[in-house]
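Asker: For the record, the sequence lines run as chains L and D.
The numbering of the first sequence is my numbering, which starts it at 1 and goes up by one.
The numbering of the second sequence is my numbering, which starts it at 115 and goes up by one.
Rather than coming from a laboratory, the hints here were simulated on the basis of the structure.
Only part of the chain L face toward chain D is listed, based on derived beta-carbon distances under 10 Å:
# : residue
1 : Q6
2 : N41
3 : L46
As the structure is a computational prediction, the values presented were derived from the model and not from experiment.
Just so you know, even glycine gets a beta-carbon here, dropped at the ideal spot from N, CA and C.
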Amino acid sequence: AQSVTQLGSHVSVSEGALVLLRCNYSSSVPPYLFWYVQYPNQGLQLLLKYTTGATLVKGINGFEAEFKKSETSFHLTKPSAHMSDAAEYFCAVSANSGYSTLTFGKGTMLLVSP
Amino acid sequence: GAGVSQSPRYKVAKRGQDVALRCDPISGHVSLFWYQQALGQGPEFLTYFQNEAQLDKSGLPSDRFFAERPEGSVSTLKIQRTQQEDSAVYLCASSSSGQGLGGELFFGEGSRLTVL
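Construct the complete structure from the given sequences, taking the supplied hints into account.
Answerer: This is the structure in structure tokens:
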């Protein structure tokens, strides 16, 4: 079984500041890890994913995340926030073997102020 | 179509009514998932199809929920005798990969159900 904990239901940053959204996971098998973004009244869009290989993963819109097995973490970062980054972000985990569904965290709303 | 299409986008039902929500996945996608997203929560898994076969329905909350994908493309999620706790956004997602999730899930915009 897998689970995801996202620390902070809301994160506020100023435009141009570092974005850090935290995600910790629990998995009994090696995981696949994902970050999705959801804009109001829209579906979820994949930002990036970790499956195997390099633990630092780069995604769209300048976001990246690092898989740290020892910390069971997959935090999402972006060096400089833009107003257009304001949205809800979901971390998700699945098992990397056989059939598995995605298990999502509760989400973190990113607020960006000018 | 270019993406996953869901209809209706918004549905208001009186308690006790039956509702049907439709999902039209990306053409050729083998896998289809339904998720339920309550207000302020992350999506929660309901059921999974690989082509026309429903391989996992462990997330369906009660026997009032039923899903089908008879020809391996369009899927319908049916909720019988709706209750207020069924109010949520129902998300459909499809993927070109079969078992496993190395492939990307593409989500529709969801169907927002409000039960009065």
